[in-house]
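Residue numbers (our numbering), protein chains in the order written: chain A, 1 to 310; chain B, 1001 to 1349; chain C, 2001 to 2299.
No lab work stands behind these hints: they were computed from the structure. Note that beta-carbon positions come from the ideal geometry of N, C-alpha and C, so glycine has one too. It is possible that part of the hints are untrue.
[Stated by the list, open to error] Simulated pairs of lysine-lysine, DSS-like, Cα-Cα distance not exceeding 30 Å:
{"hint": "1", "chain 1": "B", "residue 1": "Lys1203", "chain 2": "B", "residue 2": "Lys1008"}
{"hint": "2", "chain 1": "A", "residue 1": "Lys83", "chain 2": "C", "residue 2": "Lys2246"}
{"hint": "3", "chain 1": "B", "residue 1": "Lys1200", "chain 2": "A", "residue 2": "Lys228"}
{"hint": "4", "chain 1": "A", "residue 1": "Lys228", "chain 2": "B", "residue 2": "Lys1123"}
{"hint": "5", "chain 1": "B", "residue 1": "Lys1008", "chain 2": "B", "residue 2": "Lys1314"}
{"hint": "6", "chain 1": "B", "residue 1": "Lys1308", "chain 2": "B", "residue 2": "Lys1008"}
{"hint": "7", "chain 1": "B", "residue 1": "Lys1131", "chain 2": "B", "residue 2": "Lys1199"}
{"hint": "8", "chain 1": "B", "residue 1": "Lys1146", "chain 2": "A", "residue 2": "Lys228"}
{"hint": "9", "chain 1": "B", "residue 1": "Lys1146", "chain 2": "B", "residue 2": "Lys1200"}
{"hint": "10", "chain 1": "B", "residue 1": "Lys1008", "chain 2": "B", "residue 2": "Lys1199"}
{"hint": "11", "chain 1": "B", "residue 1": "Lys1146", "chain 2": "B", "residue 2": "Lys1123"}
{"hint": "12", "chain 1": "B", "residue 1": "Lys1146", "chain 2": "B", "residue 2": "Lys1203"}
[Said to hold, decoys possible] If we take Cβ atoms under 7 Å as the criterion, some of the chain A residues that face chain B in the derived model are:
{"hint": "13", "residue": "His28"}
{"hint": "14", "residue": "Asp206"}
{"hint": "15", "residue": "Phe207"}
{"hint": "16", "residue": "Thr210"}
{"hint": "17", "residue": "Lys214"}
{"hint": "18", "residue": "Arg219"}
{"hint": "19", "residue": "Arg223"}
{"hint": "20", "residue": "His225"}
{"hint": "21", "residue": "Ala298"}
{"hint": "22", "residue": "Gly300"}
{"hint": "23", "residue": "Asp303"}
{"hint": "24", "residue": "Pro304"}
{"hint": "25", "residue": "Arg305"}
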Amino acid sequence: MSHYLVRRLLALPLTLLAVALITFALAHATPGGPWDRFDEKPLPLQAEINLNRYYGLDLPVHEQFLVYIGNLVRLDLGTSIQKGRPVADIIGEGLPVTAQLGLQSLLLALAVAIPLGVVSALRRNSLADHATTLLATVGTTIPNFVLCVFFILYFGMTLRLLPFVGWGDGLDVRRMLMPTVILALPAMGFLTRLVRSSVLEVLRADFVRTARAKGLRERSVLRGHVLKNAFVPVLTVLGPATANLVVGSFIVETFFSIPGVGRLFIQSVNARDYPVIMATTLLYALAIGVANLAVDLAYGALDPRVKVAQ
Amino acid sequence: MPDLLDVKGLETRFFTRDGEVHAVDGVSFRLAAGETLGIVGESGCGKSVTALSLMRLIPYPPGKITAGTVMFDGQDVLKMDDDEVRAIRGNNMAMIFQDPMTSLNPVLTISRQITEALELHLKMNRTDARKRCLELLEMVGIPSAKVRMDDYPHQFSGGMRQRVMIAMALSCNPKLILADEPTTALDVTIQAQILELLKKLAKEFGTAFILITHDLGVVAGMTQRIHVMYAGRIVEKADTGELFANPKMPYTWGLLRSIPRLDESRRAKLRPIEGLPPDLINLPVGCCFAARCQYKRDVCTEKEPELKVVPKAKPDHEARCWGTQEGGWLVDVDYRTDTTVMAAVGAAS
Amino acid sequence: MTGVGQRSLWRDAASRLAANRAAMAGLVVVALFAFVAIAAPILAPYDPAAGDTRNHELDPFWGDPAYRSAAFPLGTDQLGRDVLSRLIWSARVSLLIGFVPVSIIVTIGVAVGLVAGYYGRWADLLLMRAVDVIYAFPELLFVIVIVTAARGTWIGELGSGIVLIFVSIATVSWVGMARLVRGQVLALRGLEFIDAARAMGASDRRILVRHVLPNVLAPVIVAVAFGVPGAMLTESALSFLGIGIKPPTPSWGVMINEGFTLAIQSPWPVLMPAVCISVVMLAFTFLGDGLREALDPRA
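So that you can see chain A by itself, here it is in the shape it has in the complex (with noise of 0.2 Å):
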């Protein structure tokens, strides 16, 4: 393994610490409470206390963080403040929803894009192509959100075609339709975009008139030259689609009610539940560093500059 992974694989925990220093400090740097109610009556005094004892509340914060830091490590997450259970269990069940629903989104944007972008580029300005790039524009431009009233208004509601409450127990297909769509819309049109452009540029590079010159058949020149050259800046930019995933999680959960770790998180948001919004969002950065790293190592593979410029 080159030096390069190394690196990255030690400043992924560095990462993580910022990460967490910066959640952490937000959360206690700024006034209010999880105990506070905009419109309960406010808890008596003796009892925020006890609240506050139990939770850890009452020490410094920089003794909370590191208390914190200390029972991580220990994969000890806290308890929510909201729901009374340990943190760690919360995601343990939201964790495999949300997991299927973003890695079968982005296969699925996959499938669809490499293909697709392939064939806009190879005919090129044909009308095929355009009504791809349109569709394509048109997919990575319409929010998550508003995809997700689109397509709740009309194929659940007005012609009463699909569920839309819910995940169940992850393999009925019909239930997921529609979130597992939605989430992949917005990568689908980028990738799409990307794969045309990209195979665009490789056609006119001069090792594909090299292959052409040596008398290859279309197809072969397409299969053995062009592709793997294209598909390089696709994999860059998977680590970024996580991310974007990553997002479209949070509104696509809340919109169908499904119980992933993205519901979970605009839940805590809203509940001000600390312990879990400290939790998700590590978990989140850790998601994302990890693809990156995946990316990377998968990239040296594709090609082989890259390994001596490491």
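Given the structure of chain A, go ahead and fit chains B and C onto it with the hints provided.
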């Protein structure tokens, strides 16, 4: 012996938003088996497009071969279907490109890029193809080829990559190699080595080659004949020695004057050709070099001269110039001692 | 690079943009949107925050004749507020959200990017560390964390929460702009005309302002064209999630949030803001794509 290559009236155009570019405009020439030919001209004169047209590698759109015949080994390349052309490309007719940095696929090993053609055209299996690949790489002088054959292009220097390109071109033992500015992107010290290698191997293999360059100095010791191109047409054809000794076209004179020479006194100035080549979308009436020619007369801007055998020269020496043709005003002029030009240049500077 | 060459470069870009029909259509929609936002007090027939529950959930003019009223052409929401007026005032919120944070981002980002790229050293080091952290997770997530922390404070109350959104977006997004400018400056610094200017005795300030700045302008313009709708999108997502603009101030996100639970009975109060967001976002995308193609013909 019948000709290996017989090009007649080749015409290639590019259809752009600004208009039709007449990149190659009625080019005709012949080449015997094993013969070597240099095509010389400034950039944009149509020499690369000519080479790509012979292999039907002109990107369409915007480019298209609009007229002519290219008889290669008794068959018209321009009338072949796609499969027939592919069977020739890389097999009977191979090409070496200008920039070895970008002409090799960065994500494939050197060996893969050579064996590909062997497997395709010679129907070799992987093992035989690799064996042959190793031989080829050793032949073009890649040190420790056995180890290096599975390296990637970026691990090679420019000169080494061009050697790989030569190995690739020779791999299927072609009858003709088209070398398009093969040394332009390389260091001067490497240029000579690569040219020497190309010449030596072509001779060993009995391969005919066309060397395309903007530099008359490069073809001097390389090819038997030279054709000079300007504005998409051939303006002078001659044996190499004859062309250097007795050029018959003011454009060629200009090219020769712009080569630095060791045998001239240091006071002799290099004289570049003034002006720019004509716009290939709106070609001028008459001789296309007239606008830059110091010797032009009225006839030059009225009617285009044909490519004709010229007097006071070897019998297969042709030029496209009113002045040097039979009865012209330049028949007896020696461009090296011509004082009228010297005076004109002196006055200008 | 300044003077004639620069000017004709911009003129070329403008004519390329004018020839792009999608971009021009986008520009028209964006202009219309800006006009509606600015003229909201004149255009809106009612107070967007006040409703009369006697007229609640009226259909728009193409709806059921028994449940519509000529007085409310686009109908009313569940509190009897005029949907048209709320849509119009939401445009005003969106415009503010689109332009205020982006102005802050451009000011800070360009300044920091120029300094980091041109002088390098610690400024550069600091910027790149900030980039590392900010890029460790998505911008919206960061914005949500900041908004959550500060929502209960005095700043969260300013302008129905709009100021907090300005601050949060700006805090997170200036880094991306600074990184873009830094990259451009690094690429420019190696070019000869900068050396030439320095050789002629130009001061650093003069080089930065007269030579570097005009050359980083094109990518900055493109980034702004995408940053404005990006900020608007962040606001509507936050408002939809219930942590953005505080009701009763209308915003398209707020309207979707409030109307969604009643979407089965009356879908229009949800659909219309959704359509507005889509149209404005598409318009900005077409304009932004057009600008990018016009300013960078190689792409």
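To see whether the hints hold, each was checked on the structure:
no.: 1; hint: Lys1203/B <-> Lys1008/B; verdict: holds, 27 Å
no.: 2; hint: Lys83/A <-> Lys2246/C; verdict: holds, 26 Å
no.: 3; hint: Lys1200/B <-> Lys228/A; verdict: violated, 36 Å
no.: 4; hint: Lys228/A <-> Lys1123/B; verdict: holds, 25 Å
no.: 5; hint: Lys1008/B <-> Lys1314/B; verdict: holds, 23 Å
no.: 6; hint: Lys1308/B <-> Lys1008/B; verdict: holds, 15 Å
no.: 7; hint: Lys1131/B <-> Lys1199/B; verdict: holds, 24 Å
no.: 8; hint: Lys1146/B <-> Lys228/A; verdict: holds, 26 Å
no.: 9; hint: Lys1146/B <-> Lys1200/B; verdict: holds, 23 Å
no.: 10; hint: Lys1008/B <-> Lys1199/B; verdict: holds, 27 Å
no.: 11; hint: Lys1146/B <-> Lys1123/B; verdict: holds, 22 Å
no.: 12; hint: Lys1146/B <-> Lys1203/B; verdict: holds, 25 Å
no.: 13; hint: His28; verdict: violated, 50 Å
no.: 14; hint: Asp206; verdict: holds, 4 Å
no.: 15; hint: Phe207; verdict: holds, 4 Å
no.: 16; hint: Thr210; verdict: holds, 5 Å
no.: 17; hint: Lys214; verdict: holds, 4 Å
no.: 18; hint: Arg219; verdict: violated, 11 Å
no.: 19; hint: Arg223; verdict: violated, 12 Å
no.: 20; hint: His225; verdict: holds, 5 Å
no.: 21; hint: Ala298; verdict: violated, 13 Å
no.: 22; hint: Gly300; verdict: violated, 12 Å
no.: 23; hint: Asp303; verdict: holds, 6 Å
no.: 24; hint: Pro304; verdict: holds, 4 Å
no.: 25; hint: Arg305; verdict: holds, 5 Å
Hint compliance for this structure: hints 3, 13, 18, 19, 21, 22 are not met, and every other hint is.
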